[in-house]
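Novice: With chain A held as given, fit chains B and C onto it using these hints.
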Amino acid sequence: MTRKRRRLWILVACGLGLGSATALALMAFRDTLVFFIPPSEIASKAPAVGRTFRLGGLVERGSVERVNDNGHPTARFRVTDGAGTVTVNYTGILPDLFREGQGVVALGSMAADGSFRASEVLAKHDETYMPKDVEEALKKTGHWNPDEGKPPPPASTWNTLMPKKPDTSKAGG
Amino acid sequence: MTHLPYIIAVYALGVLVPAAYSIDAWLRSRRATRRLAAIDTRRQK
Amino acid sequence: MDTTPVVTPRPPGPSQPGRSLHRFANPGRFLRISGVALPWVAIIGAVLTAIGFGAGLFLAPADWQQGDAVRMMYVHVPSAWLASGGYFGLAVCSLLSLVWRHPLADLAAAEISTVGAGFTALCLASGSIWGKPMWGAWWVWDARLTSVLVLFFLYLGHVALVRAFDDPTRGYRAGAILALIGVVNLPIIKFSVDWWNTLHQPASIGLTGAPTMHIDMFWPLAVAGFGYIFIFAAIVLTRTRSAVMERRIRGLLSARAERQT
Chain A
10 MTRKRRRLWI LVACGLGLGS ATALALMAFR DTLVFFIPPS EIASKAPAVG RTFRLGGLVE
70 RGSVERVNDN GHPTARFRVT DGAGTVTVNY TGILPDLFRE GQGVVALGSM AADGSFRASE
130 VLAKHDETYM PKDVEEALKK TGHWNPDEGK PPPPASTWNT LMPKKPDTSK AGG
Chain B
5 MTHLPYIIAV YALGVLVPAA YSIDAWLRSR RATRRLAAID TRRQK
Chain C
3 MDTTPVVTPR PPGPSQPGRS LHRFANPGRF LRISGVALPW VAIIGAVLTA IGFGAGLFLA
63 PADWQQGDAV RMMYVHVPSA WLASGGYFGL AVCSLLSLVW RHPLADLAAA EISTVGAGFT
123 ALCLASGSIW GKPMWGAWWV WDARLTSVLV LFFLYLGHVA LVRAFDDPTR GYRAGAILAL
183 IGVVNLPIIK FSVDWWNTLH QPASIGLTGA PTMHIDMFWP LAVAGFGYIF IFAAIVLTRT
243 RSAVMERRIR GLLSARAERQ T
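Chains as they are written, first to last, in our numbering: chain A, 10 to 182; chain B, 5 to 49; chain C, 3 to 263.
Bound-form chain A, shown alone:
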């Protein structure tokens, strides 16, 4: 009994040590663990021109334009996180999910003119899983328009305990 107890305490002590060491290490490497930098952070401390990093945010509504860059079809759009905005130029194939209001993560570097030159664009989707007709119903009743880039209404208003016929009139409660 005592031996078991002792082994248990040794393990608890090891666990506490290991856990706090890991927590400290993760805190120390916090900046390098992030996958992307939001536009607002670029405004405050812009990475050096030519340094490669990932920029992440929402594609600003109405900002996507297709331009021709020396014979290469190029997409130009603005990425925003509400507090900051960066213009992105990208030549290449956009992922299926790419559209206005959608989250994106672009790999590239700042150009001299303050725009972002992307070599790769990834689409990011959020944790909202919703059938198309529910989304349309929310749109129709004016409770939510995904194009505005705002988060969807509280899940309990649509996720629903009433399958097939979502009662969106209760949304906003």
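Misleading hints may appear alongside valid ones.
To be verified - Dumping the calculated SDA-like pairs for lysine to any residue here, alpha-carbon to alpha-carbon at most 20 Å: (1) A:141 / C:217; (2) C:192 / A:13; (3) C:134 / B:6; (4) C:134 / B:42; (5) A:13 / C:171; (6) C:134 / A:129.
Unchecked claim - Using C-beta positions, here's what the derived DEER-type ranges look like: (7) C:258 / B:34: 20 to 26 Å; (8) A:38 / C:38: 48 to 54 Å; (9) A:34 / C:38: 43 to 49 Å; (10) A:79 / B:5: 36 to 42 Å; (11) A:55 / C:172: 51 to 57 Å.
As the list claims (entries may be wrong) - Beyond 10 Å from chain B on every Cβ pair, some chain C residues (computed): (12) 28; (13) 38; (14) 63; (15) 86; (16) 94; (17) 101; (18) 123; (19) 132; (20) 158; (21) 173; (22) 179; (23) 192; (24) 193; (25) 236; (26) 261; (27) 262.
Note that these hints are calculated values from the structure, not bench results.
Values in this document were obtained by computation on a predicted structure and should not be read as measured data.
Built from N, CA and C at the ideal position, the CB exists for glycine as well.
Specialist: Same frame as chain A, now just chains B and C:
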């Protein structure tokens, strides 16, 4: 259905991986049961 | 080896704590009880998984963002649950092994890691196949994907370590220590999507708050998830039963060889 090849690939993996494990586990169990029955004179089962 | 479970050589002491405990880990009783439960666990797992997958493929609606590609979720998410959940089971077995010297826990741990590695590989592969059309990349080094890859390597490390010693007890002990060290990775996997910017989206289903998923998509996922849990349990049970029987075979053979010499 959009993205059909991707969906088929994922479901194929999702069925094949557990199925392969199950068959392997079953064969191993059957082999062990038979060997044990042949050796173990205590229990005749 | 002996028919009785292996007792570790302990530093000399007055009592032998292993012996009395073995009554509670009686392999014969384990074989009897698990033999009765196993068919039911396997059948429930197969039926639930079939319903969940079928509903995910044909009944669940397409997603407003992802269209039909969302159907890959019904394989990916259950396998991800089991990658983490299986590791939790491995950690519990390791604790039972290290503190209480439970002899069945050693055998179960070795089987869980082998199966868990496969389900983690399935999680990574299905996620990759889902990521290509949706995100635009097979793989990214974000915190969620990287921490799950680390989980996969922990499983592989355990699989290799428990078999790396001539004396199986030393292998089990080393494996248990590795498994318990790796437990720090579980909260990192879970919270990586909340702590850091990741390409992977945060969880839709949590213990608190309503799931940000429509009920028509939620129930096939829940059914498939429970189905996978039962299948995983059935596979691990079957393998652990085999391991118990194989150990008894080895014990009987060596006892017979000893008698004959």
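Novice: Each of the hints needs a verdict: does it hold here or not?
Specialist: Checked hints:
no.	hint	verdict
1	A:141 / C:217	holds (13 Å)
2	C:192 / A:13	violated (31 Å)
3	C:134 / B:6	holds (14 Å)
4	C:134 / B:42	violated (53 Å)
5	A:13 / C:171	holds (18 Å)
6	C:134 / A:129	holds (13 Å)
7	C:258 / B:34: 20 to 26 Å	holds (23 Å)
8	A:38 / C:38: 48 to 54 Å	holds (50 Å)
9	A:34 / C:38: 43 to 49 Å	holds (47 Å)
10	A:79 / B:5: 36 to 42 Å	holds (39 Å)
11	A:55 / C:172: 51 to 57 Å	holds (55 Å)
12	28	holds (14 Å)
13	38	holds (14 Å)
14	63	holds (12 Å)
15	86	holds (16 Å)
16	94	holds (21 Å)
17	101	holds (28 Å)
18	123	violated (8 Å)
19	132	violated (7 Å)
20	158	holds (16 Å)
21	173	holds (19 Å)
22	179	holds (26 Å)
23	192	holds (22 Å)
24	193	holds (26 Å)
25	236	violated (7 Å)
26	261	holds (13 Å)
27	262	holds (14 Å)
Checked against the numbered hints given earlier, the structure breaks hints 2, 4, 18, 19, 25 and satisfies all the rest.
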